[in-house]
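Participant: Read off the chains here:
Number of protein chains: 2
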Amino acid sequence: MSLLVIGSVAFDAIETPFGKTDKIIGGAATYISLASSYFTDNINLCAVVGGDFPKENIKLLQEHGVDTEGLQVKEDEKTFFWSGKYHNDMNSRDTLVTELNVLGDFDPIIPEAYQNCEYLMLGNLSPQVQKTVIERLEKRPKLIALDTMNFWMDIAMDDLKEVLGMIDVLIINDEEARQLSKEYSLVKAAQKIMEMGPKYLVIKKGEHGALLFNEKQVYFCPALPLEEVFDPTGAGDTFAGGFIGYLAATDGLSFENFKRAVIYGSAMASFCVEKFGTEKLVGLEIPAIEKRVQEFIDLSQVELTLKS
Amino acid sequence: MSLLVIGSVAFDAIETPFGKTDKIIGGAATYISLASSYFTDNINLCAVVGGDFPKENIKLLQEHGVDTEGLQVKEDEKTFFWSGKYHNDMNSRDTLVTELNVLGDFDPIIPEAYQNCEYLMLGNLSPQVQKTVIERLEKRPKLIALDTMNFWMDIAMDDLKEVLGMIDVLIINDEEARQLSKEYSLVKAAQKIMEMGPKYLVIKKGEHGALLFNEKQVYFCPALPLEEVFDPTGAGDTFAGGFIGYLAATDGLSFENFKRAVIYGSAMASFCVEKFGTEKLVGLEIPAIEKRVQEFIDLSQVELTLKS
Chain A
0 MSLLVIGSVA
10 FDAIETPFGK
20 TDKIIGGAAT
30 YISLASSYFT
40 DNINLCAVVG
50 GDFPKENIKL
60 LQEHGVDTEG
70 LQVKEDEKTF
80 FWSGKYHNDM
90 NSRDTLVTEL
100 NVLGDFDPII
110 PEAYQNCEYL
120 MLGNLSPQVQ
130 KTVIERLEKR
140 PKLIALDTMN
150 FWMDIAMDDL
160 KEVLGMIDVL
170 IINDEEARQL
180 SKEYSLVKAA
190 QKIMEMGPKY
200 LVIKKGEHGA
210 LLFNEKQVYF
220 CPALPLEEVF
230 DPTGAGDTFA
240 GGFIGYLAAT
250 DGLSFENFKR
260 AVIYGSAMAS
270 FCVEKFGTEK
280 LVGLEIPAIE
290 KRVQEFIDLS
300 QVELTLKS
Chain B
0 MSLLVIGSVA
10 FDAIETPFGK
20 TDKIIGGAAT
30 YISLASSYFT
40 DNINLCAVVG
50 GDFPKENIKL
60 LQEHGVDTEG
70 LQVKEDEKTF
80 FWSGKYHNDM
90 NSRDTLVTEL
100 NVLGDFDPII
110 PEAYQNCEYL
120 MLGNLSPQVQ
130 KTVIERLEKR
140 PKLIALDTMN
150 FWMDIAMDDL
160 KEVLGMIDVL
170 IINDEEARQL
180 SKEYSLVKAA
190 QKIMEMGPKY
200 LVIKKGEHGA
210 LLFNEKQVYF
220 CPALPLEEVF
230 DPTGAGDTFA
240 GGFIGYLAAT
250 DGLSFENFKR
260 AVIYGSAMAS
270 FCVEKFGTEK
280 LVGLEIPAIE
290 KRVQEFIDLS
300 QVELTLKS
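Sequence lines, in order, name chains A and B. One point on numbering: in numbering that gives the first Met the number 0, the residue at position 120 of the first sequence is 119, and numbering is uninterrupted. One point on numbering: in numbering that gives the first Met the number 0, the residue at position 153 of the second sequence is 152, and numbering is uninterrupted.
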């Protein structure tokens, strides 16, 4: 099934306890596209970069089967730039620089060839832009998933709530779920958030795994205990990419298939954090992904009835 | 199989965002004994209280099948007292009062009838006392499990390391694992800790579940997402009680059986936090426990191969 990905394509500069990078390729849509490319080759990207964005990075996306007709290049402007520094525990970070640049007035243009997409992944962006994308699609996709962050809850909650009423799946982290719902308990938070629109909710808990909710069911996907988390940047976007890519590839919308999508998303995210930026998402092998997914399954598998 | 439980029997005064208690029954050995009593009726308690400890609380333990011959009552002294206040997120707390009282010079006397116990649970206490208990047993138990806390790492690390060399299973939380190993990654922490002696390590992560390690395997038990955590006091001890109680009852020392023990421990802990103190651990019904265990299993169960 065809997948339309919207989000930022950006430069990141990252500092972790293990080292720091110069400007490297980043952005939600980059991670989502790369991660989903291991599941489907029908990926259409809608985003914007400046003239400073290297052509070889666009080529890299194309080599992963990503159609970039919808990637606007504004030759006289600069690409969105984010710089951050992670604390020692890797669970929190300080944003050092945010330069919106081309993203400041991003007008998402949907090429004709992208119409009739069946799966839509709205990566973290202004809710206003996310809403515009939905409105510009002539036919509502089969499934619309959305990622967002606390920043938009702070400055554009009304817009966010409006777009939440238009989507099927919301993917956020535990802090964001608490902020959005004003509930500390994630069970209560989930109930409140699903009343806002989404039929499915994924709450990412970083090194503690992920929860999947629908109205009646809940699934807990563990996180693989890793020896080292090298750089968490993009892990959430990579999760979203693996998740939506798996759904688009399998085209199954049962809760069971959503559970598998959460595992695939988690597996992709576990690769992402092993190196800086998108490094590990380039040139991954399918057997390595399958092996990693099996590790996730084995991690929580238990046979209750036997005694030995 | 017979289970010997050592630890504090105490008074607690607890304040959470949901309310506060006067002095109520608490202490590691209390929670461990009550939780394990749902699995085995061969529980021997070694602890100490003062003359101020109500006889009906001792009777309560006896009604749960706990033998209290090893519970010393020092009529002229006072029972160990702890008071704490939980922060809004329930994940951290301030200790308001710690009065060691009878626990200050606790000399664990093992009644003759307690010798030859097969399972030994050393609840959180001074490592020196934990070591003394092991030394006073004429025959080494089949399995020795130990719980401890950061306090002992701060003031008695050498003693703690000595007793770690004498046990089979260590049960601690994630912060304690990091402090003990000086490693942030729990995988690395587990490796270092197992080099100190224990063949099995359980790392409790509170609302994020629990990890079980041996030299070659790892198991992740999810935590049930609860609508409300009312009072976390004793949850770790209750986990230990369910864990060791299940092992003593089933008498199986395979990794598979340890996994099940972790689930039973987690299920008992999930009951514990639903009310103040030990309230929920009194008069639980076995079918309710089995139902809760099944919820834990279902939470992470996934069928990878089918598409629907």
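Each hint should be verified, as a subset may be incorrect.
Any copy, or any two copies together, can satisfy a pair, since identical chains are not distinguished.
To be verified - Derived lysine to aspartate or glutamate pairs resembling EDC-like cross-links, with alpha carbons at most 20 Å apart:
# : residue 1 : residue 2
1 : Lys73     : Glu278
2 : Lys215    : Glu294
3 : Lys58     : Glu98
4 : Lys204    : Asp88
5 : Lys84     : Glu117
6 : Lys181    : Glu226
If you're looking for bench data, these hints aren't it; they were derived computationally from the structure.
Participant: Hint by hint, say whether it matches the structure.
Facilitator: How the hints compare with the structure:
1. Lys73 with Glu278: Neither. Shortest intra-copy (26 Å) and inter-copy (65 Å) distances fail the 20 Å Cα cut-off.
2. Lys215 with Glu294: Between copies only: 13 Å across, 27 Å inside.
3. Lys58 with Glu98: Answer is neither; intra-copy 24 Å and inter-copy 68 Å both fail.
4. Lys204 with Asp88: Cα proximity of Lys204 and Asp88: in one copy and across copies (14 Å, 15 Å).
5. Lys84 with Glu117: Classified as neither; 37 Å inside a copy, 52 Å across copies.
6. Lys181 with Glu226: between (34 Å within a copy, 14 Å between copies)
The earlier numbered hints that this structure contradicts are 1, 3 and 5.
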